[in-house]
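In order, the protein sequences belong to chains A and B.
Here my numbering is used: the first residue of the first sequence is 20, the next is one more, and so on.
Here my numbering is used: the first residue of the second sequence is 21, the next is one more, and so on.
Hint data in this document are derived by calculation from the structure and do not stem from the laboratory.
Heads up, the beta-carbon is just placed ideally off N, CA and C, and yes, glycines get one too.
A portion of the hints provided could be inaccurate.
Stated by the list, open to error - Residues from chain B shown here face chain A by an in silico Cβ test under 10 Å; the list is partial:
1. V24
2. Y52
3. Y56
4. A110
5. F121
6. G122
Unchecked claim - Restraint-style ranges between C-beta atoms, simulated for each label pair:
7. A/G59 with B/S40: 19 to 27 Å
8. A/R63 with B/A49: 15 to 23 Å
9. A/E71 with B/S32: 40 to 48 Å
10. B/E77 with A/E71: 31 to 39 Å
11. A/N20 with B/G74: 28 to 36 Å
12. B/G74 with A/E120: 17 to 25 Å
13. B/G74 with A/G82: 23 to 31 Å
14. A/N49 with B/S72: 36 to 44 Å
15. A/A21 with B/S89: 39 to 47 Å
16. B/K76 with A/T34: 40 to 48 Å
17. B/Q21 with A/A21: 35 to 43 Å
18. A/R63 with B/S60: 13 to 21 Å
19. A/E71 with B/P30: 38 to 46 Å
20. A/P102 with B/E77: 44 to 52 Å
What the hints assert, rightly or not - BS3-like mimics (lysine-lysine), calculated; alpha carbons at most 30 Å apart, straight line:
21. B/K22 with B/K87
22. B/K62 with A/K76
23. B/K76 with B/K90
24. B/K90 with A/K33
25. A/K33 with A/K76
26. B/K76 with B/K22
27. B/K62 with A/K90
28. A/K76 with A/K28
29. B/K76 with B/K62
30. B/K22 with B/K90
31. B/K22 with A/K76
32. B/K62 with B/K22
33. A/K28 with A/K90
34. B/K62 with A/K33
35. B/K62 with A/K28
36. A/K90 with A/K76
37. B/K90 with A/K76
38. B/K76 with B/K87
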Amino acid sequence: NAGVTQTPKFQVLKTGQSMTLQCAQDMNHNSMYWYRQDPGMGLRLIYYSASEGTTDKGEVPNGYNVSRLNKREFSLRLESAAPSQTSVYFCASSPRGLAFEQYFGPGTRLTVT
Amino acid sequence: QKEVEQDPGPLSVPEGAIVSLNCTYSNSAFQYFMWYRQYSRKGPELLMYTYSSGNKEDGRFTAQVDKSSKYISLFIRDSQPSDSATYLCAMGDTGRRALTFGSGTRLQVQP
Numbered sequence: 020n021a022g023v024t025q026t027p028k029f030q031v032l033k034t035g036q037s038m039t040l041q042c043a044q045d046m047n048h049n050s051m052y053w054y055r056q057d058p059g060m061g062l063r064l065i066y067y068s069a070s071e072g073t074t075d076k077g078e079v080p081n082g083y084n085v086s087r088l089n090k091r092e093f094s095l096r097l098e099s100a101a102p103s104q105t106s107v108y109f110c111a112s113s114p115r116g117l118a119f120e121q122y123f124g125p126g127t128r129l130t131v132t
Numbered sequence: 021q022k023e024v025e026q027d028p029g030p031l032s033v034p035e036g037a038i039v040s041l042n043c044t045y046s047n048s049a050f051q052y053f054m055w056y057r058q059y060s061r062k063g064p065e066l067l068m069y070t071y072s073s074g075n076k077e078d079g080r081f082t083a084q085v086d087k088s089s090k091y092i093s094l095f096i097r098d099s100q101p102s103d104s105a106t107y108l109c110a111m112g113d114t115g116r117r118a119l120t121f122g123s124g125t126r127l128q129v130q131p
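Chain A on its own, in the form it takes in the complex (with noise of 0.2 Å):
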């Protein structure tokens, strides 16, 4: 079981640039989950998906869309980068019922210059 893998794992992009982070578990959850981590700010929700086919905004959602392609992968797009988008992105999956059991990917650090 590789868990919850993440790519790329460093991405540098210039403000304007898009792309989309990719995520997938192998542990047959049902949410998902994408983070951002920042220096004193702690792990902050951008969106998670409690089951396939929906999605639903964490606290810092603007900026961002996902998609829940599948029950494996849920992937993060960034459509117009900016500066304040520096920051660490980690994916997490959970079991059904248990969003306290969250099990995280490795990250991705993204520069936005």
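Got chain A; can you put chain B on it based on the hints?
Chain B alone, transformed into the frame defined by chain A:
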């Protein structure tokens, strides 16, 4: 004011010491209380969780929840250099599907 407050540290202790990590919160609806450990440049991993008030022990780790004071703690006994990491508290309630995280406390255990 943040819903969950956590001292960022760093907290530096000698090997073998007892470590106490704490979080306070303001939302009385929180029912689930978790501690995640995050090594440098890695994703967080679930260490322990507690439902409602009380204590829970797992090896060298003990989690305590005091809902009346809105205060949770994680104790690490006989701390080891391998415990050096950032510890994140997290909380949730049955209505919300997502967790609220503290900003993390960085712990350094000196050999």
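Taking the hints in turn, this is what the structure says about them:
no.	hint	verdict
1	V24	holds (8 Å)
2	Y52	holds (5 Å)
3	Y56	holds (8 Å)
4	A110	holds (7 Å)
5	F121	holds (4 Å)
6	G122	holds (6 Å)
7	A/G59 with B/S40: 19 to 27 Å	holds (21 Å)
8	A/R63 with B/A49: 15 to 23 Å	holds (19 Å)
9	A/E71 with B/S32: 40 to 48 Å	holds (45 Å)
10	B/E77 with A/E71: 31 to 39 Å	holds (37 Å)
11	A/N20 with B/G74: 28 to 36 Å	holds (32 Å)
12	B/G74 with A/E120: 17 to 25 Å	holds (18 Å)
13	B/G74 with A/G82: 23 to 31 Å	violated (41 Å)
14	A/N49 with B/S72: 36 to 44 Å	violated (24 Å)
15	A/A21 with B/S89: 39 to 47 Å	holds (41 Å)
16	B/K76 with A/T34: 40 to 48 Å	holds (47 Å)
17	B/Q21 with A/A21: 35 to 43 Å	holds (39 Å)
18	A/R63 with B/S60: 13 to 21 Å	holds (20 Å)
19	A/E71 with B/P30: 38 to 46 Å	holds (41 Å)
20	A/P102 with B/E77: 44 to 52 Å	holds (45 Å)
21	B/K22 with B/K87	holds (17 Å)
22	B/K62 with A/K76	holds (25 Å)
23	B/K76 with B/K90	holds (17 Å)
24	B/K90 with A/K33	violated (43 Å)
25	A/K33 with A/K76	holds (25 Å)
26	B/K76 with B/K22	holds (26 Å)
27	B/K62 with A/K90	holds (24 Å)
28	A/K76 with A/K28	holds (24 Å)
29	B/K76 with B/K62	holds (26 Å)
30	B/K22 with B/K90	holds (13 Å)
31	B/K22 with A/K76	holds (19 Å)
32	B/K62 with B/K22	holds (25 Å)
33	A/K28 with A/K90	holds (22 Å)
34	B/K62 with A/K33	holds (25 Å)
35	B/K62 with A/K28	holds (11 Å)
36	A/K90 with A/K76	holds (18 Å)
37	B/K90 with A/K76	holds (27 Å)
38	B/K76 with B/K87	holds (14 Å)
Checked against the numbered hints listed earlier, the structure breaks hints 13, 14 and 24; every other hint is satisfied.
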